[in-house]
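**Student:** This note's numbering applies: residue 331 is where the sequence shown begins, and numbers increase by one.
Simulated from the structure, these hints should not be mistaken for lab results. Among the hints, a few may not be true.
With a straight-line cut-off of 30 angstroms between C-alpha atoms, the simulated DSBU-like cross-links for lysine-lysine are [to be verified]:
hint, residue 1, residue 2
1, Lys528, Lys487
2, Lys528, Lys486
3, Lys494, Lys528
4, Lys397, Lys486
5, Lys397, Lys487
6, Lys528, Lys397
7, Lys397, Lys494
The calculated label-pair distances, taken between Cβ atoms and stated as ranges, are [unchecked claim]:
hint, residue 1, residue 2, range
8, Leu525, His443, 29 to 39 angstroms
9, Ala518, His443, 31 to 41 angstroms
10, Glu382, Val416, 17 to 27 angstroms
11, Arg522, Ser441, 27 to 37 angstroms
Using N, Cα and C, we set each Cβ at its ideal position, and we do this for glycine too.
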Amino acid sequence: MISKRTLLMSFGALVCLPAGRRARADAPSPAPPSSSTPSPAPRLSSSVLSREQHERFMRLAIEQGRKNPYYPFGAVIVEPQTGAVVAEGTNNARENPTLHGEIVCINDYVSRHGNRGWGSKILYSTAEPCPMCMTALIFAHIGGVVYATSAFDGQKKAGMDPIKISAQDIVDATPFTRPFLLGGILSAETDRMFLDRKRH
331 MISKRTLLMS
341 FGALVCLPAG
351 RRARADAPSP
361 APPSSSTPSP
371 APRLSSSVLS
381 REQHERFMRL
391 AIEQGRKNPY
401 YPFGAVIVEP
411 QTGAVVAEGT
421 NNARENPTLH
431 GEIVCINDYV
441 SRHGNRGWGS
451 KILYSTAEPC
461 PMCMTALIFA
471 HIGGVVYATS
481 AFDGQKKAGM
491 DPIKISAQDI
501 VDATPFTRPF
511 LLGGILSAET
521 DRMFLDRKRH
């Protein structure tokens, strides 16, 4: 039999526990963290514009690309609701190795509009963004990316050797945002442009 003294001592020890250590026996255990977080839905859809509209804006990116006859990577950023071209860029990697067409376009956008409003914008590029450029676009939370020439087909045929990580791989590895990707727009024209580029 438990003595009254033992019972009181046990109870006293219990009430003297710090509040954080008093756990109710019937309190539910916290749920374990989820092992996989679903990817967020895209902010924009490629269907926000028609095929003809995508081609029209890609031609503007091609105009930017033709400004560099050696590396004709050009880009524009568009506001699809108004059709306004809000930034443009041409590859300038000879001056700075990070100045790919998309990066120049991002810098142009920020200089004009500040670092805001990305989610409603679409970037058009003459070629599939490399891992550096696609990551920068991800960090900007761009709404969508439309490109022409693929990294692993058209660029290789043009004598280039791109890093073997696709733009889709970058998007799939990103848990916090998900721009749409649309490739192959006017790729016949841009593939020829890359094949015909000047060589050093």
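**Student:** Against each hint, give a clear statement of whether it holds in the structure.
**Tutor:** Verification of the hints:
no., hint, in the structure
1, Lys528 / Lys487, "14 angstroms, holds"
2, Lys528 / Lys486, "15 angstroms, holds"
3, Lys494 / Lys528, "24 angstroms, holds"
4, Lys397 / Lys486, "21 angstroms, holds"
5, Lys397 / Lys487, "21 angstroms, holds"
6, Lys528 / Lys397, "12 angstroms, holds"
7, Lys397 / Lys494, "27 angstroms, holds"
8, Leu525 / His443: 29 to 39 angstroms, "35 angstroms, holds"
9, Ala518 / His443: 31 to 41 angstroms, "33 angstroms, holds"
10, Glu382 / Val416: 17 to 27 angstroms, "20 angstroms, holds"
11, Arg522 / Ser441: 27 to 37 angstroms, "32 angstroms, holds"
Hint violations for this structure: none, all hints satisfied.
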